[in-house]
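Chemist: Those protein sequence lines, which keep their order, are chains A and B.
Offset between the first sequence (1-based) and my numbering: plus 1194.
Offset between the second sequence (1-based) and my numbering: plus 1194.
Think of the hints as simulated: they come from the structure by calculation, not from any bench.
Chain copies aren't distinguished; within one or between two, either way the pair holds.
Computed list of lysine-lysine pairs in DSSO-like fashion (alpha-carbon distance at most 30 Å, straight line):
1) Lys1347 with Lys1254
2) Lys1347 with Lys1329
3) Lys1263 with Lys1329
4) Lys1329 with Lys1351
5) Lys1275 with Lys1329
6) Lys1263 with Lys1275
7) Lys1254 with Lys1275
8) Lys1254 with Lys1351
There are 2 protein chains.
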Amino acid sequence: MAAAEFWYEFASTYSYPAAMRVADLAQSRGVALAWQPFLLGPIFAAQGWRDSPFNIYPAKRRYMWRDRKRICDALGLPPLKRPVPFPQNSLLAARVALALDDATRADFSRAVYAAEFGQGLPIADRAVIAALLVKRGLDAETVLARAESDANKAALKAECARAAELGIIGAPSLVTGDGEVFWGNDRLEQGLDWAAGRRLKQD
Amino acid sequence: MAAAEFWYEFASTYSYPAAMRVADLAQSRGVALAWQPFLLGPIFAAQGWRDSPFNIYPAKRRYMWRDRKRICDALGLPPLKRPVPFPQNSLLAARVALALDDATRADFSRAVYAAEFGQGLPIADRAVIAALLVKRGLDAETVLARAESDANKAALKAECARAAELGIIGAPSLVTGDGEVFWGNDRLEQGLDWAAGRRLKQD
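Just chain A, with the same shape it has in the complex:
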């Protein structure tokens, strides 16, 4: 079966609409999707950025919020919140997502995005993350302990290193089995088409 990896960062604005639609897009193309939470911090640091490029470049920030509103409106996602502070610290959410099994991870990840960008909740807050776990019938303390184990911390670090090795430069990114990287919410379709063997389709 065709397969692809969906690399996402919980602080990333465009990862939100991507996370909400990627499962359907993959399924309709018969592509098995692996959800890969990671952190953009090390990728950005390697480019010399110590902050989100949307904070460094105000014109890009203005464009992004307006563009993302149009995209989320079209998807019928709830009125967008702009998280404060921006970007949110996504370390805990990423560790928890990685500690979950595949089936739960996608569902939990969508819930984190909905909390962060739909409701404006602080995703660095343990209580916020715990509540999302409880809603999924999980024992929050058990999952949080697993998430913050040394093994899981090391696993997330390894994933971040792998992201850089794959050539990932931003989030979300779709990576195909043959190592092609497609960066951006607006490139999910092309990446999944490639993964499904259809290569690129243009108008």
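Take the given structure of chain A and dock chain B to it, following the hints.
Modeler: What follows is chain B alone, placed relative to chain A:
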């Protein structure tokens, strides 16, 4: 009639595939297209960049060349050249494009991109630009003189200032009549859908 502006920079790598397909995309949606050559230099300088971001950030450069090859392959565009130096100095080409009437400007602009990225010709070279004008049945010296008149130089500067005012942060950009900006070759369809009153369509 619905209308939109296509803002492009001759040195811009993604403006190449965009320029090659935007006219058909606009026509199929009944959108009248104005071709707006401009320079990214002032926009980038305002963000603190003195060079192309693809030169400043090697990981972005690697991604871009590979991504653009996939896109151009899918469009059937000729094997891509990487211009040397990169980016090319696009001032002369932009002045000439602006000095042409609407009908000729689109055709000339596509020819500049084909010369630069399809053949690897230096577009800052007057002889290269003159040859493209002659091929279109134009008197090259007359057009070049008009392009380098004080009035036309001032007109290009004014266009660059207008690009910044519109909120343009990169090229290519599609700007609709109601002031929406869509940045990127991969957003032409959405921008033109918006201009045609269809707003955004997502899978």
